[in-house]
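Residue numbers (UniProt numbering), protein chains in the order written: chain A, 1 to 440; chain B, 1 to 440; chain C, 1 to 491; chain D, 1 to 491.
Treat each hint with caution, since some may be false.
What the hints assert, rightly or not - Taking lysine-lysine pairs in the DSS-like style, the calculated list, with each CA pair at most 30 angstroms apart, reads: (1) A:Lys-342 - D:Lys-484; (2) C:Lys-347 - A:Lys-274; (3) A:Lys-219 - A:Lys-274; (4) C:Lys-347 - B:Lys-342; (5) A:Lys-274 - A:Lys-313; (6) D:Lys-484 - B:Lys-342; (7) A:Lys-280 - C:Lys-347; (8) B:Lys-274 - B:Lys-153.
Quick caveat, the hints were computed from the structure, so don't treat them as lab data. Bear in mind that the values here come from a model prediction, so they are computed numbers and not experimental data.
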Amino acid sequence: MAYIPDTPEDRAHMLAALGIDAVDALFEDLPPSVRLNRLLDVPPALSESELSRHLRQLAAQNRDLGQLTSFLGGGFYDRYVPAAVGALAQRGEFLTAYTPYQPEVSQGTLAAIFEFQSMIQTLTGTDASQASLYDGASAVGEACLMALANAPKRHRLLFGRTVLSQSRQVAETYSRARGAEITVIDGVDEIMGDDVAAVIWQYPDLLGQITALPAIIEKTHAIGAVAIVVADPVALALLTPPGEFGADIVVGEGQPLGNRLQLGGPTFGFMGVKSPWIRKMPGRIVGATVDHAGRRGFVLTLQAREQHIRREKATSNICSNHSLNALMATIYLSLLGPEGLKAVATVSAELAHYLADRLASAGLVRVPRQEPFLYEFTVRVPGSVADLNRHLLDRGILGGRDLGQEDPAWQGLWQLAVTEQRTKDDCDRLVEEVLAWQSR
Amino acid sequence: MAYIPDTPEDRAHMLAALGIDAVDALFEDLPPSVRLNRLLDVPPALSESELSRHLRQLAAQNRDLGQLTSFLGGGFYDRYVPAAVGALAQRGEFLTAYTPYQPEVSQGTLAAIFEFQSMIQTLTGTDASQASLYDGASAVGEACLMALANAPKRHRLLFGRTVLSQSRQVAETYSRARGAEITVIDGVDEIMGDDVAAVIWQYPDLLGQITALPAIIEKTHAIGAVAIVVADPVALALLTPPGEFGADIVVGEGQPLGNRLQLGGPTFGFMGVKSPWIRKMPGRIVGATVDHAGRRGFVLTLQAREQHIRREKATSNICSNHSLNALMATIYLSLLGPEGLKAVATVSAELAHYLADRLASAGLVRVPRQEPFLYEFTVRVPGSVADLNRHLLDRGILGGRDLGQEDPAWQGLWQLAVTEQRTKDDCDRLVEEVLAWQSR
Amino acid sequence: MAVPLIFERSHPGRRGVAVPTPTGIAGQLADWVPAEFRRQSDLGLPEVTEEDVVRHYTYLSHLNYGVDTGFYPLGSCTMKYNPKVNDWAAGLPGFADVHPDQPPSTIPGLLFLLAELERALAEVTGMDAVSLQPAAGAHGELTGILMIRAYLAAQGDQRTTVLVPDSAHGTNPATAAMAGYQVREIPSNRRGRVDLAALRQHMDGSVAALMLTNPNTLGLFEDEVLEIAETVHRAGGLLYYDGANANAILGRVRPGDMGFDVVHLNLHKTFATPHGGGGPGAGPVAVKKALEPFLPLPRLVGNAETGWQWDYDRPQSIGRVRSYYGNIGVLVRAYAYLRSQGAEGLKQVAETAVLHANYLLSQVGQDYHSPFPGPVKHEFVLSLTEQKRRGARALDVAKRLIDFGMYPPTVYFPLVVEEALMVEPTETESREMIDRFADALKQINREIDENPALLHEAPHDTIVSRLDEARAARHPLLGWPQLKAEEESRS
Amino acid sequence: MAVPLIFERSHPGRRGVAVPTPTGIAGQLADWVPAEFRRQSDLGLPEVTEEDVVRHYTYLSHLNYGVDTGFYPLGSCTMKYNPKVNDWAAGLPGFADVHPDQPPSTIPGLLFLLAELERALAEVTGMDAVSLQPAAGAHGELTGILMIRAYLAAQGDQRTTVLVPDSAHGTNPATAAMAGYQVREIPSNRRGRVDLAALRQHMDGSVAALMLTNPNTLGLFEDEVLEIAETVHRAGGLLYYDGANANAILGRVRPGDMGFDVVHLNLHKTFATPHGGGGPGAGPVAVKKALEPFLPLPRLVGNAETGWQWDYDRPQSIGRVRSYYGNIGVLVRAYAYLRSQGAEGLKQVAETAVLHANYLLSQVGQDYHSPFPGPVKHEFVLSLTEQKRRGARALDVAKRLIDFGMYPPTVYFPLVVEEALMVEPTETESREMIDRFADALKQINREIDENPALLHEAPHDTIVSRLDEARAARHPLLGWPQLKAEEESRS
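Only chain A is shown next, with the shape it has when bound in the complex:
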């Protein structure tokens, strides 16, 4: 009965007011043949102290990133989350509110979403943003649906091979029913056809590359398609944002911005768009307005796009956003500010370049060799990447992703990400273990 306030007297009072003897009377409309005449077969109730012990024990069975040294990336990074993020976002007034349907008592959530939209807009170099999506991959899916809806005669989506495969796979799941067809392309030359709705490119891409983007966008526009860019938000602190290269829609995974990893969720997806796309975005959008006294306030706006108004004609079926995760990102970006975010990206990048140099000396050469990169890069491993990762895990190191699992063309490629949480010592230790593994 945890969390239920009713005493026997309360219950009796209410039953009496209803003129019934037992709650069973309120369930008599259930067809007798399907009523559950037994208790559910679920584990017995625990007191809070027992529950706490049980959960602490389950949690202790996992090796967290305080115990393992991680070089994993691929959209999800072991970045530091300042303590103030949790302290503020966990405040009950934020945590236990719902979608801000009544703006007069929801200005906290609304103002924070407005701030979030502002930050995503400027980070991505676009004209507008919305209140967040479930994650980066579903944001790619939503962006693809926008492009498909915009040009009903175009049904092909061209995905760069170096877009994270999850994003492509979600887009495939989302768009298959609409008759879309996905083609994987390797470069700008493959962008062609008047049936192409959108070209989707990642920046930096899966191998850490960045320089292909302008030409991709230019060609995409040349064939009348929509340029969708999947971006790493921390990298945008240092890189020319996709919007400035002309991207129409910029989406990405928000986890690196103040969100803990949580095995991949909940995090959030973000979306920035150029002006023509504003009224075609999925999800919640917050706008500024004024009240009768002229005081500035914020409201959910452009709701004519949404499912609760438009039903089957909505731009998406999405109802919730990941508001709390977006709030964490907003607090994170406020705490870091422009210089802090740049420093985080720069420290990550300098350690990554140091590591890449040392690995090259150890015979693990970057692929592609000369392409600029920031803090995520790919090397070729002389041998089994899976075997190397096992060797490392035994020594408390989470090695990089085995890109051979992403694409058979990438057998032997090892994707490493370095964050500001890594140290020179961490990098040195990784190299030492790689050498030890080579000489085993």
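Using the hints provided, position chains B, C and D relative to the given structure of chain A.
The following block gives chains B, C and D in isolation, referenced to the frame of chain A:
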């Protein structure tokens, strides 16, 4: 420069307003010969992520009570602290406020202290309480000073041998300068003399005993002395409160009420007193009153006792209380309510009785054998208690206190406390390991 | 006073949290990236101290209303109390600081928890297999309908249409459309239930599925559900259960036993996880055996003894619907809630929620019109047409409730009820709170005649009064650069 | 609206958190305890749900003002910003869930931290040895004066008197009295410093110590401190440093170098730990070599290599002053703060605090009288006698500041200044905030003439206005049973 907002421009602006070139000008009144012309020799500044890693590493070196199974007691217990306690007490409005000097913007703290006082008063069976003291031992010290101040001709304090020695030692430190003299007594027969200011008894006492109290209080009053009782607040859920037996002042350690152990601090001490003592209590006291419109509110009151008004004539030098810890206790007691607190004490007691029975079967007999007890008790160990505790610690069990360390008369006595966080399995495992140790 | 923004606290040169400083160990940006790719433009982020940030968001939190603040009878959203211990659990490093690409062998405790939760949700729903992946109810719907589509396709059955009742949540038709279906609406009958005759008319070989919420959005149990199921199944269609209202039936009846083929649950409703200002939630899907092969990638397989694996080798799967395996932080909370309740507790939840709704309805039924006969389940809908005639719309009543310190119920939904006010008290609110709400509604009903301005100008004590939503939509100001420019041009 | 109490939410039979249920495994209370000792009386605790508790304390928190809310220039209290990472650290199970009787071998990380903090505080103060035990500043004072007493006694020197300046904190004379000394006050001179001539008059062989705060409570540096030290020491007395104002001198000058023998620091002031509504703080004491044997029991000895021990074998020690070794949760925070600052940072703290105080004084000095010549250090005292002549007392000005969203400065302290207003902006407040405060003070100064009722009736927007403190003291209502009876008798 963490947490300092000044930019170079801010600094220049302020210096200009002051008509000076550098902050050095504001320190020219420091005698030149003692100015520190070097940097302090302290460790270099860390960024927050580095700091977080460093502290996590230090914390991980300690074996906490999630890892060890504890049978330690002695005023400090491994009791469960519900999650809501921390979630609420850590709210910034509580955490970062100061002593509520301005009641209009401090009603949160003031109302919570008033609630705390109410709960301590009823728990202890007294007429009034105050806003908390540093800890249980210093509360005993303050109570002794009250008794000494009340009867300037009486200078002796009689401490039951079974009062936790820390309490006696703090009282000694506190009262020595006033010429007080402490005598340890073993029973009611030793209570005598017109120089006795107070008799201090613990309930339940160090060996877990409870039944001596009424006679102790009666005899204390018979010789015109003050009866001070040191009580375990959780035990008071089941036991007749000392105030009902006539105790004048009831003090104790508050940790078991919703405070984490933290190696012993910060926790809080509590004090409940009978009416004649209200204006003689040390520390902050909150009272109810009304504002000009008749609205109920709370204020710091009876401040004429206090150091900031009375200076050397104050009842104590105490200035702060342990308000946040008292808030945690208040939230804890609200969450548990009367039935919850009774259940916590009862579950502890039934496990303790189970354990005592099993230990008796193993040859570790209770001392004293027939005296009633609740969840803390003492057994005689056939052999070295220290050795037994070492054996247990190697197996992840924090055995009980070695009372031979408290008092030479108690060689071989082992004090065990069982809380609601222990299970039957925990008790069984302890017994098994005791048997293993015996047969080693 | 205007609602402030963090940008307005910005002061060039201020810094918040201290981050590591570049050491120059391997060059700098200009060494790594060609000029064209080096960002020149402003990041648009505020420059503030941690103190600024803490004060700003503490202040913003004070402008918000949550379940932790007070009564939140938002119909269809099940704003029950969210236990604090669940938040604590979700924050444990062993659950929160694990990378999604860590080998399963490094996280057995978490995977055990997820498997146990799957098992329990299957039992609660009466289904055979569960995927915890969907991030929200609507996401669960999409996953579910895509599975139905794939299941039918695997049988060579290309149906074109999904049926939804006219009282359905907007997500139902939107989902069906997103999954490539045409949508047909089934009208409600005079009892507020699916019109069975109309359903039988619409039900043919083109219909892939009927999406049903039960109890429906009117708070009424679809008491002809077995006939509905039979009708749909006989025509070769499948039955989808929208679990938004599952709080009403926990331990009393199970969708699987009523004939549903696919179910989603909103854990942020029924399983007490906090709504977070609009999310994250979690919308696991549960299916009958026949649909199991179509569940999204990956599936969690294995057990505590042999270890756990992510299974990607599932050729009939609809594919991925998101990154990785779900909103773990939400799932941990839901598991904790499950373990705090047990079977008795879950049943008590439903019974109490239903009792509270009926009791509240009985208290306000004299003053407000309830368009359908009861008993209701966990919520009910009032129709304020009579109040509207007297000069106050449902929105006015809702806004006036704010002055009483309560969050307003859902308004103007479901669409089938005119001037709808949709009230869900939940099982965690006390009788006194329910009485206080009823008293407030009754007082407001009197105020319509005695002092209508009180309603029209409500709310009175909030930082802003009613906002100009038309202006917001007509002239969208969606970011600080635009708002700042606009405010500067006005002043 | 009255400020509510949790008791008013109580409803018999309600339960908050679920606790384990007795199983009867070993009998029940009646089997264990004789009837006389079985409690019959009501526990007086509320019966409420977790939801009730969360809403009540969330609401109470909204009635509070903290540093997280806004500007808190409470003189002498150093209400600087309290970093959130420090709170996080203090909550780590390895620091928070350890029993004080655990063997030191099980907690090397925590003991290393404490030893490092001791070392750093010795360096910061220029002293030789530190005990972290005292729970608060006043507790540190008591510990310190008892050590001085023991030290002198060990030399057969039984002195009777402690000197304190008339501007001292009340804790100084109260401490001296508690330690068994008579207290003699030394007057301030016209410059607001200790009158050296008077000191020389009072200084004789009966004087055990002079307790000095430097900068003193007027915010002024005792620039004759070396002469003071020489005077005290020459007469065989010791010099006690009250560290309440150490924030002003960090890294600039050290008490040890100025001749102080015993020092306490308020970590909740200088080291940024939160004040918690009145505590807990921490008041470590630092001493010169000669006093080390007298430090309280136990002492932490050892090192990371050989392990740590609690040393109780210290025959000259003053004994115990508390349970165990200190307010660990506060000490962890202070250590974290220390490590976030480094030597440069600490110096910057002092310089900025002093710059801010002088700047603020320069902004308000036209309108408010500052009775002593500057520069000040980290705080300053204004004397509002002129305002009082015009009809507004310091308290009125203070209360009016609440209407501007600011916490009022300390009033009527130090006692040597008439109508004192004691302002400490701290280093963590921005220039704009300081300007805003100055503007508020200036506006209030105008309001005294233009609209004095604004001041007299202030504050205007709080849950209660000025409370009847005389009534509270005359007729004390200190608990709910008494308050309830009184309110029932009134109604």
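Going through the hints against the structure:
no., hint, verdict
1, A:Lys-342 - D:Lys-484, "violated (59 angstroms)"
2, C:Lys-347 - A:Lys-274, "violated (50 angstroms)"
3, A:Lys-219 - A:Lys-274, "holds (18 angstroms)"
4, C:Lys-347 - B:Lys-342, "holds (27 angstroms)"
5, A:Lys-274 - A:Lys-313, "holds (22 angstroms)"
6, D:Lys-484 - B:Lys-342, "holds (25 angstroms)"
7, A:Lys-280 - C:Lys-347, "violated (43 angstroms)"
8, B:Lys-274 - B:Lys-153, "holds (22 angstroms)"
Checked against the numbered hints given earlier, this structure breaks hints 1, 2 and 7; the rest are met.
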